[in-house]
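Participant: Protein sequence lines, in the order shown, are assigned to chains D, H and F.
Be aware that the first sequence starts at 1, since it is given in our numbering, and climbs by one per residue.
Be aware that the second sequence starts at 1, since it is given in our numbering, and climbs by one per residue.
Be aware that the third sequence starts at 1, since it is given in our numbering, and climbs by one per residue.
Hints are computed from structural coordinates only; laboratory data are not their basis.
Careful, some of the hints might be misleading.
What the hints assert, rightly or not - Computed list of lysine-lysine pairs in DSSO-like fashion (alpha-carbon distance at most 27 angstroms, straight line):
| id | chain 1 | residue 1 | chain 2 | residue 2 |
| --- | --- | --- | --- | --- |
| 1 | F | Lys257 | H | Lys134 |
| 2 | H | Lys88 | F | Lys253 |
| 3 | F | Lys257 | H | Lys92 |
| 4 | H | Lys70 | F | Lys65 |
| 5 | H | Lys95 | F | Lys236 |
What the hints assert, rightly or not - The following residues of chain F were derived to be distant from chain H, with all beta-carbon distances above 10 angstroms:
| id | residue |
| --- | --- |
| 6 | Ile200 |
| 7 | Ser247 |
| 8 | Trp315 |
We put the beta carbon where it would ideally sit given N, CA and C, even for glycine.
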Amino acid sequence: MKKLLQILNLKTYFFTTDEETNKEIILMAVDGVSLDVYENEILGIVGESGSGKTVTAQSVMQLIPEPTGKIMNGEILYKGEDILKKQGEELRKIRGKEIAYIFQETYTSLNPVLTIEEQIVEVITTHLDKSFEEAKQISVELLDSMGIKDAKERIKDYPHQFSGGMRQRLALAMALAANPSLLIADEPTTMLDVTIQKQIMDLLLSIKKSKQLTSIIFITHNLSLVAQYCDRVAVMYGGKIVEVSPVNELMKAPLHPYTKGLLYASAFIKDKNNKVYTIPGNIPSLKEVIQGCKFCDRCTEAIEKCFKDEPELFEIKPDHFVRCHLYTNE
Amino acid sequence: MNKLIEIKELSVKYSSKKKVFGYKEKYINAVEGISFDFMKGEVLGVVGESGSGKSTVSRCLLSIIKNIDKSSVVDGSIIYNDSVDLLKAKGKELKSVRKNIQGVFQDPDSSMNQRLTAGKIIEEPLLNLTDFSKSVREEKIKDVLQKCGLSEEDINKYPNEFSAGQKQRICIARAIVIEPEILIADEPLSSLDISIQAQIINLLIDLKEKYNLSIIFITHDLNVVKVFCDRLIVMKDGKIVEQGKTEEVVSNPKEEYTRSLFSSNIIPSIPNNIS
Amino acid sequence: MKTNKSNINSLFRNRWFKFKRHKRGYYSLIIILVFYVLSFLLPLLVNKDPLIVKYNNNYYFPVFKYYPSITFNVISNGEANYRKLKQSLNEKNTDDFILMPLYHYGPNENLLEELSVMPPTSPTSQNWFGTDDRGRDVFARVLYGFNVSVSFGLIVTLFSFMLGTLAGALSGFYGGKTDMFFQRAVEIWSALPFLYVIIILSSIITPGFSLLAFILILLSWVGITLYVRGEVLREKAKEYVFAAYVSGSSKYKIIVKHILPNSISPIITFAPFAVVGNIALLVALDFLGFGLQPPTASWGQLIQQGMSYPGLDRWRLIIIPLAFQFITLILIVFIGEGIRDAFDSKQYSRLK
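All chains, full assembly: derive it from the sequences and hints.
Facilitator: Dropping the structure here:
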């Protein structure tokens, strides 16, 4: 399968100062991430807070605020071209037109003081060669295809006049207005009710099938949604990718101890002592420097090597990658 | 099993428009005429989405509904121990109710005063509701911290020095330091990461046994209820849609809504390589 | 994780360190503090009364006590002129001595006898800034004026903020009729023609320091009320307040222990600017003649005198107090900037 997006060894760090000592603190939010997105797939990126999943996605769009954050290293190849090298006009051609992004918070995607029409028309007229009238017409059709009733009247409303789930549909409409090939959806369902989540996910699925949209990166911490809607999934921990595999394989036979822990913890499975299976310890703060594997101090299956050397991500089975010493000898 | 709490025809209305010199008020019905019982020793799950009214129910149970919104109109009764109406308790009666009914909230950050140390936060119910001397209070605080997986040194630390899971532990410690009979847990896991949620649930299971707690557990996560709740109440739009034993409701949901709720949020398969 | 050995709230500690990093604000704070504290020692540093007098084997402390001039065998009204006394004692060459403060002129002392020309006089090596139109030493008056102005600013700000915070807290917390009452009060109060009220009041009763401060406090308490009300409204809806109710805290305890400490952000950020405003107000009122009256040392009054004289005297009497006022106010503004940065900073980042 052809690769739509290739992230190669991405490193994005954030810089801040300790108030008391005046020393600079470096937070390694994304520390060497390499990930491929193929054409015609929904790739899930799963992780908890601090895993680096959002920062990875924002690095793709170069949405990292400077000087607090900086992309230190890496290449991001979109259809073969390194988009990290793009600036100004060229970057604007990619953002919105080729790669679209929707946020967890609908008010980050939507401007509360503009009508829906104004916002979507802006996207269309910026990226596509359409007149104002044409753009308006397209907007209404777009809203309709997102499942919003009375699109022609409602398009003149403001974001706050819609419910949370509807707003996410609007954000989607805006994202898709310029016919991008790749959609990055950063936890679009986290703030929504369970039944609405399903609706939005079904909508995403149908969009991928029908439109010119080729692939979707779906960032979440909700494993059940990943299981139901994604083709492949990447698991992140401590700014690195620890496992990538097709979804069914991951759900049935996860390899990395963290993935296992995450799955059991999500399902609240009880172990033999009638306790819910849990990952001991705390999520490490980005300031901590851990020697060896980043997960070693919480890992129940850790061996001596884990505390000394950091494992590399390698392909253990076709299309199944894992970063763990338990498997490196095989 | 005896009945701890009996809720009869509870209705809560919030006014949506400001009353200006006698205009007719418009009301939003948060909870509409619900009734259920809560037995000693059980964990009762209250499941619903946003707008279902579950938070309103928890605030009524904690007798703070009037403190939060003076203009809310509350009808019906919540009888505790066959003697006190939680909705009408005042003064000394309310004080003794609070000794027995405590709560944990959703967001550990906003449910603690960031300007107080962990010790002072946990001490508050002891100061207000008991007559213990300073040394006894200190003992109890140290004891409860340990039982919640924290240490003595944490007494003088401020909330921003803890991780999210630890913060929620402090909130739980605050709730159980006076050894209440009932714990109302209003979505205590929703703000936490998955791996931490499991830790907190284990803590609650542990504390339930140690302190002989009866727990009302409000949530929208259906994976949790299977493992923690004995009985379930499913709420939608302020009404009870279904209730019963957890296994029955989960495996055989009678209502359409319950079915749709469950189908969308459960991990489909358990990995077959559990160690 | 840091283990805090100190008991100072670590949120404040963070803000304090952040404030320290704002060099301008931090150094301004040090300068103002040092000079303000020193200004309370002015009676020992800038005064016509000596610290110690040894006369005829007795020790006297005129700086603290009043001695009629006959005590030192001087015939005049009231106290002796200690400068002249010092000169005469030095000539006599006995055991007696007088220890004068560093600058031996006082702010309220009439120097007509010692001056060769009609006041106001130009600066000399004796009177560094010359004298004003009553023959009083300008340098001393300007320094004492510093103490008066800053004290005034601080006191008015402190008490008006206290009143305003109380009103805002009650208004925000209780809502309903209490809120309506206070909001209307704020509106009515804000509509009062401030300056006219003061002018009218001070033409009826000539205010001293305390009375003027009192009037100003009564007129300006509404400044901070709405801000505190906003913060209280916000905090009221947070879960830690619910938890406090569940823990059995009384309403009073909730306001004092929980809500107010978390609502002080606007108070702290506005305070320096309020102080600046109040100092400027005092100078303006004094200038117009509706504030502190002579012989109290005040900058505004000196400026007013300057207006009536032509030539160099005018520039001297106007510019010198203005310069002191300017420096004082700008230092306090820097402090305010530093505080605002520490409490309310938005880190500016660019997105490409």
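Participant: So which of the earlier hints does this model not fit?
Facilitator: Of the numbered hints, 4 and 7 do not hold.
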